[in-house]
Structure formats: structure tokens, C-alpha cells
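Could you build the full structure based on these sequences and the hints that come with them?
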Amino acid sequence: MKLRVTPIGNGTVIDHIPPGQALNVLKILGIDRTTEATISVLMNVSSRRSGKKDIVKVEDRELKEEEVNKISLIAPGATINIIRDRRVVEKYTVDMPDLIVGVVRCPNPSCISNTSEPIKSQILVKSKNPVVLRCVYCEQAIAEKIADYLI
Amino acid sequence: MFGMRHVLSMREFSRDEIDSVLDLAEALEPYARGGRCDALSGKILALLFFEPSTRTRLSFETAMMRLGGKTLNLGPAEGSAIAKGESLADTIRVIGGYADALVIRHPKEGSARLASQFSPVPVLNAGDGAGHHPTQTLLDLYTIRKESSLDDLKIALVGDLKYGRTVHSLAYALALYGADITLVSPPTLEMPATIKADLAGKGTIVRETHDLDSVIKDVDVLYVTRIQRERFPDPYEYSKVAKSYRVVPENLEEAKTGLIIMHPLPRVDEIAPEVDGTGHAVYFQQSFYGVPVRMALLKMLMGESR
Numbered sequence: 001m002k003l004r005v006t007p008i009g010n011g012t013v014i015d016h017i018p019p020g021q022a023l024n025v026l027k028i029l030g031i032d033r034t035t036e037a038t039i040s041v042l043m044n045v046s047s048r049r050s051g052k053k054d055i056v057k058v059e060d061r062e063l064k065e066e067e068v069n070k071i072s073l074i075a076p077g078a079t080i081n082i083i084r085d086r087r088v089v090e091k092y093t094v095d096m097p098d099l100i101v102g103v104v105r106c107p108n109p110s111c112i113s114n115t116s117e118p119i120k121s122q123i124l125v126k127s128k129n130p131v132v133l134r135c136v137y138c139e140q141a142i143a144e145k146i147a148d149y150l151i
Numbered sequence: 001m002f003g004m005r006h007v008l009s010m011r012e013f014s015r016d017e018i019d020s021v022l023d024l025a026e027a028l029e030p031y032a033r034g035g036r037c038d039a040l041s042g043k044i045l046a047l048l049f050f051e052p053s054t055r056t057r058l059s060f061e062t063a064m065m066r067l068g069g070k071t072l073n074l075g076p077a078e079g080s081a082i083a084k085g086e087s088l089a090d091t092i093r094v095i096g097g098y099a100d101a102l103v104i105r106h107p108k109e110g111s112a113r114l115a116s117q118f119s120p121v122p123v124l125n126a127g128d129g130a131g132h133h134p135t136q137t138l139l140d141l142y143t144i145r146k147e148s149s150l151d152d153l154k155i156a157l158v159g160d161l162k163y164g165r166t167v168h169s170l171a172y173a174l175a176l177y178g179a180d181i182t183l184v185s186p187p188t189l190e191m192p193a194t195i196k197a198d199l200a201g202k203g204t205i206v207r208e209t210h211d212l213d214s215v216i217k218d219v220d221v222l223y224v225t226r227i228q229r230e231r232f233p234d235p236y237e238y239s240k241v242a243k244s245y246r247v248v249p250e251n252l253e254e255a256k257t258g259l260i261i262m263h264p265l266p267r268v269d270e271i272a273p274e275v276d277g278t279g280h281a282v283y284f285q286q287s288f289y290g291v292p293v294r295m296a297l298l299k300m301l302m303g304e305s306r
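Protein sequences, first through last, are from chains A and B. Once you know that position 61 of the first sequence is 61 in the numbering used here, the rest is easy, because the numbers rise by one and skip nothing. Once you know that position 244 of the second sequence is 244 in the numbering used here, the rest is easy, because the numbers rise by one and skip nothing.
For the record, the hints were derived by calculation from the structure and aren't laboratory data. Here a beta-carbon is modelled for each residue, glycine too, at the ideal position from N, C-alpha and C.
Computed beta-carbon distance windows for the label pairs: (1) B:Arg36 with A:Glu66: 50 to 60 Å; (2) A:Ser40 with B:Glu190: 42 to 52 Å; (3) B:Asp213 with A:Ala143: 32 to 42 Å; (4) B:Pro235 with A:Asp148: 34 to 44 Å; (5) A:Ala143 with B:Cys37: 40 to 50 Å; (6) A:Tyr92 with B:Gly303: 47 to 57 Å.
Here are the simulated PhoX-like cross-link-like pairs (lysine-lysine), alpha carbons at most 25 Å apart as the crow flies: (7) A:Lys120 with B:Lys84; (8) B:Lys217 with B:Lys240; (9) B:Lys162 with A:Lys126; (10) A:Lys126 with B:Lys202.
Following this line, the structure appears as C-alpha cells:
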């Protein structure tokens with residue numbers, strides 16, 4: 001396969017993101033227009049494993065495990081490669097945490113977490129495959145369109 | 001057997017914990033009827049009702065007074081800090097400093113959970129929006145245990161099973177006792193599929209029908225709930241449904257002798273007043289049982305043995 005973006009020297013490569021979810025991955029990681037790092041976003045590239053996939057490359061920044069684990073909500077099979085001097089020094093698949101704080105809004109408009117109270121949303125992971133989440137506050141289950149509820 | 005710091009949701013109760021609450025309620029029942037008890041003398045219970053309530057608020061107050069304790073009532077929201085825009089979290093932190101436990105009813109779901117995160121003292125959920133109302137479920141279970149039996153129970157839940165929070169948490173609790181549950185509702189107000197699947201997953205027998213008359217002769221408990229008029233866009237549709245789910249003495253001719261009829265109250269048209277005089281009606285006892293059950297919870301959360 002011809003490389004469309006050259007390998008990075010140092011930083012983090014997030015591979016095997018479901019096609020179309022790369023921008024949501026950036027959103028969860030808090031990477032927006034204010035970032036100074038060089039970011040490469042590849043969408044809908046061929047994948048032997050899944051047909052199509054997205055890839056995100058963040059140069060000169062090694063993302064921490066607890067930081068990237070949050071993306072497992074929308075990209076449960078994503079792999080993280082930490083690159084130093086053009087070599088992969090660490091590689092792992094994201095692991096969904098048991099509790100996700102401040103990433104997903106509760107879909108229930110009557111939930112206390114959707115008011116101006118001084119709290120962050122707290123979502124329990126009830127099942128990892130398929131992904132089923134439950135709001136700690138109102139106990140409503142979230143099983144569909146999780147990306148729609150990203151904060 | 002009771003290690004809980006707060007009472008927020010029936011989901012958090014094991015069967016042993018429920019049984020321990022019901023056992024203590026039974027021991028306290030004579031005091032609920034007027035005996036002298038000083039178990040919570042010197043303790044203060046704050047009642048924070050952000051929504052109107054008669055039964056629940058008064059029975060908590062009665063329960064606390066019967067145990068020798070005192071209550072604080074949050075006055076009308078107007079004029080208090082809440083009207084000035086104070087957050088619930090701050091209100092809880094402040095009032096938590098004045099009392100030994102808090103009872104909260106609030107229109108937002110999850111509000112009692114939030115309160116428990118900010119409160120220095122135990123929190124009891126007295127209804128959070130369409131969410132939970134665990135003390136109602138416990139008093140329902142107590143009523144069944146006193147007036148019928150929780151063993152080999154056959155129960156029909158009747159009415160609005162879609163939106164009614166009391167029937168959802170009651171159904172979960174009954175699953176812990178292996179009850180045989182029949183759901184009776186209009187097609188538009190059936191119990192949500194997720195709850196039915198959860199119950200079936202726990203091995204509970206759950207049947208469903210739209211025909212009330214077909215189940216009355218088989219059950220030990222008829223748990224009737226109010227069908228709310230506002231759920232129906234067409235008043236004619238409402239009147240048709242309301243009529244078909246009204247319990248009248250004629251429905252009860254083939255009922256078991258020991259059948260009990262329960263209702264969380266207030267009732268509107270679901271149970272004819274003529275049923276009150278039959279031996280089947282227990283809804284007013286049920287309402288009274290809120291007192292010993294709430295006494296048990298208050299004693300467990302604030303009593304000396306903790």
C-alpha cells in the first residue's frame with residue numbers, strides 16, 4: 001500500500017479507528033484549532049483487517065494511556081503506537097475504562113448532570129462489547145449513537 | 001446486614017438488605033402506631049421537597065417524630081437561596097451541616113445521587129423526577145409481606161407500566177423474590193422492553209396481557225397504578241382505556257379469597273370506591289406502612305448501632 005502520509009519521527013499514531021470517527025477522536029482528545037502540534041488525519045484508508053479505517057498521527061506528543069483510553073467509546077479496536085526516533089517503542093490496543101468522566105453527556109434531558117450543577121458527567125461502562133453505558137446519576141442506558149453525545 | 005450509607009435506588013439493595021429493613025419495620029410497627037420510642041432522640045432530619053408531596057413528606061415527618069427525633073422543613077423555594085440561583089450541590093452542603101440526615105425529592109433524575117456526593121450526612125431519595133422512589137418500593141414489599149406473602153407470589157402490575165417509576169423498581173425488587181409477574185397495560189403504556197429483558201435475564205417469569213379480567217382469578221396481588229390522562233393525545237382514547245382498567249366489585253367475583261389490591265395513591269378512577277369495603281383493598285394500610293418502613297430506614301442510617 002502506498003503511504004499517503006510519511007511516518008512520523010516522534011509522537012503518537014492512533015491506528016484502526018473505525019472509518020469516519022477520526023474527527024471525533026480528535027474531539028475526545030481535546031485536540032482542536034488551538035493545538036500547536038502537527039496533526040495528520042487520514043480517513044477511509046484501506047485496511048486489511050476491516051476494509052476501511054481512519055488514522056490519526058500526533059507529532060511530538062506522547063499521549064498518556066488514560067487519555068487515549070477514552071477514545072475506546074467510539075473506537076474500541078484502535079491501536080496506539082508511541083514513536084520515538086521513527087521506531088515504535090510501545091504498542092497497545094485501547095482499553096475501555098470502567099468509569100468515564102466528562103467525555104459523554106447523558107442523553108436524558110431531565111438528568112441532573114445536564115444542568116448547571118458543579119459536576120462532570122459520569123458514565124459507567126456496563127458492557128464493552130457491544131458498548132453499553134449507564135449514567136451514574138439517572139441510570140439511563142446509552143447504547144446507540146454514542147458519538148452524538150460527546151461533550 | 002445493612003451497610004448502606006444512603007438510600008438512593010432499589011438497584012443497590014440485595015435481598016438480604018431488603019429483608020433486614022422489613023424485619024426492623026415489623027419490630028417498629030407498634031411504635032409507628034403510637035408507642036413511645038426515643039431511638040433518634042436528639043437527631044434532626046431535614047426534608048427537602050422541591051416538588052409537592054403529601055404522603056411521602058408527612059410519613060417521613062411522622063416516622064422521625066415517632067422515633068423521638070425532630071424535622072427541619074425547607075420552606076417554599078421562593079425567598080430561599082434556591083430562588084437566588086444557588087446550586088443544589090451548595091444547598092445540600094449547607095443543610096447537610098444542620099441535620100443528621102436529608103430526605104430529598106427533586107424534579108431532576110439523578111438529583112439524589114448528586115446530593116449524596118455533596119452531603120456530609122446520609123441522603124434518602126424520596127423521588128427524583130421519573131427516576132427512583134426506593135422507600136415506596138420498600139413499603140410496597142412490606143405491604144405484600146404483611147398482607148399476603150413474598151414467597152411463591154403471583155402478582156399483576158396494572159396500568160401505566162411505561163412511565164410509572166414505582167412499578168419499575170417494584171418489578172426489579174420482586175425479581176429478587178422469584179415472583180411470577182403479569183403485566184397488564186394498554187398497548188401504548190407497556191413496560192419498556194429493556195426492563196422486561198432485564199427481568200427475564202434474572203429468571204423472572206414475566207407475562208403480558210391487555211386484558212385485566214383474564215388475570216384477576218390467578219393472582220395473589222393486584223398492584224394498580226394510575227393511568228395519566230395527559231399520556232393520551234385523544235380524550236376519547238383515554239376514556240376507553242381508563243374504563244377497561246377500572247377495578248369494580250364485579251371484577252372480583254372470581255378472585256382468590258386472599259387477593260389483595262394495592263395502589264401507591266392518589267387514585268383517580270382506577271379503583272371504584274365500592275372496592276374499599278371488600279376484604280381485598282389494602283391501599284390505605286399500604287399508605288400507613290410507609291411510616292414503619294421509613295422509621296426502619298431512618299434508624300438504620302442514624303441510629304446508635306451504626
